[in-house]
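Could you put the whole structure together from the sequences, leaning on the hints where they help?
Here the protein sequences come in this chain order: A and B. If you read the first sequence in the working numbering, its first letter stands for residue -5, the second for the next number, and so on. If you read the second sequence in the working numbering, its first letter stands for residue 38, the second for the next number, and so on.
None of these hints come from the bench; they were simulated from the model. Heads up, some of the hints might be wrong.
Quick list of in silico lysine-lysine cross-link-like pairs, DSS-like style, CA-CA up to 27 Å [stated by the list, open to error]:
| # | chain 1 | residue 1 | chain 2 | residue 2 |
| --- | --- | --- | --- | --- |
| 1 | A | K178 | B | K85 |
| 2 | B | K45 | B | K85 |
| 3 | A | K127 | A | K149 |
| 4 | A | K90 | B | K46 |
| 5 | B | K85 | B | K46 |
| 6 | B | K79 | A | K131 |
| 7 | A | K221 | A | K13 |
| 8 | A | K90 | B | K45 |
| 9 | A | K124 | A | K178 |
| 10 | A | K124 | B | K79 |
Keep in mind the model is a prediction, meaning the values are calculated, not measured.
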Amino acid sequence: MRDEGAREDKAMEKSDTLKFAGREFRSRLIVGTGKYPDHRSMQRAHEASGAEIVTVAVRRVNLDRTQESLLDYIDAKKYTLLPNTAGCYTAEEAIKTAILAREVGLSDMVKLEVIGDQRTLFPDNEELLKATKVLVKEGFVVLPYTNDDPVMAKKLEDAGAAAVMPLGAPIGSGLGIRNPYNIKIILEAARVPVIVDAGVGTASDATIAMELGCDGVLMNTGIACAKDPVAMAEAMRHAVIAGRLAYLAGRIPKKLYATASSPLEGMVEL
Amino acid sequence: MELMVNGKKLEVTDGATITALLEELNINPLRVAVQLNLEIIKRERYDKTTLRAGDKLEIITFMAGGSE
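This is the structure in structure tokens:
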């Protein structure tokens, strides 16, 4: 057990933190707040995930005040809020939403989503790039959700995005990392953190993303809609740490034939 | 007087400020942003901004959501 703890510490030691826009995070897992059975289980899942960044949606206040406030269940001292522009279909909508979100005064970061298609929730990259440019100029820390497209990732980085967040698969699909080769190409060229956003269905998906060399993973549905969200959150915490450690450790090359790991010398004569 | 708040008609005392409106609605001003007739109002101006009949307000906050 002591060993396990020591290794966990290694993956999270100061030199190996998630850094962007002058901020530093020990956890490389970012989690959402949507779709949980209730606020209490969300709070416990957040705790179990070890995440330090939590995404939130920007919406009208409920005037009848019968629902509790989400913010009562997120300790502002422990978590960094990452407002998203979910539900926006144009650059203009996303920009306005981000500006309103910043006015709340709890975060100057934005998970920038500009959706292009309702069924797939794939991003509209043209509008996304437009919104990124405007919001960077306005002083936001912009984290755009994009396709697994290396050219687009580069354009977003050049536009001043603090990190790029390619999808692993469609939002909420749980299909995992559909194109690891594209993610690899994005990683090769990127000078900002690459955070896989969307598509993670289970722990191994998160590990694969991290083994590829991604700087982080963002997920919501995979945890919130699991049978036991708290247990899945813990699984994801371990998965991200395991993947990161494996990446840093350097995996062995894949070979077609066996290589014996026991010496051939000293074989018993039978 | 009647206002439009988050797309709903709302009756409030004449001459109410944004601060008074938020108080009446039991909303913590530190957790919202307010847009009045498409213009964002800074928090420092809430108690100086008097509302007029027919004003359209959007009061937003953070809600549960990950993506989409």
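Evaluation of the provided hints:
Distance hint between K178(A) and K85(B) is unfulfilled; the C-alpha atoms sit about 54 Å from each other, more than 27 Å. Simply put, K45(B) and K85(B) have alpha-carbon atoms about 23 Å apart, close enough for the 27 Å limit, and the pair holds. Under the criterion of a C-alpha separation no larger than 27 Å, the hint pairing K127(A) with K149(A) is consistent with the structure, at around 10 Å. Between the alpha carbons of K90(A) and K46(B) the distance comes to roughly 23 Å, so the proposed pair stays at or under 27 Å and holds.
This hinted pair checks out: K85(B) and K46(B) have alpha carbons roughly 23 Å apart, not beyond 27 Å. This hinted pair checks out: K79(B) and K131(A) have alpha carbons roughly 20 Å apart, not beyond 27 Å. This hinted pair does not check out: K221(A) and K13(A) have alpha carbons roughly 32 Å apart, beyond 27 Å. Distance restraint check for K90(A) and K45(B): the Cα-Cα separation of roughly 21 Å lies within the 27 Å cut-off, and the hinted pair is therefore satisfied.
In summary, the hint linking K124(A) to K178(A) is supported, as the alpha carbons are separated by about 25 Å, within the 27 Å threshold. For a cut-off of 27 Å, the pair hint linking K124(A) to K79(B) stands: about 26 Å separates their Cα positions.
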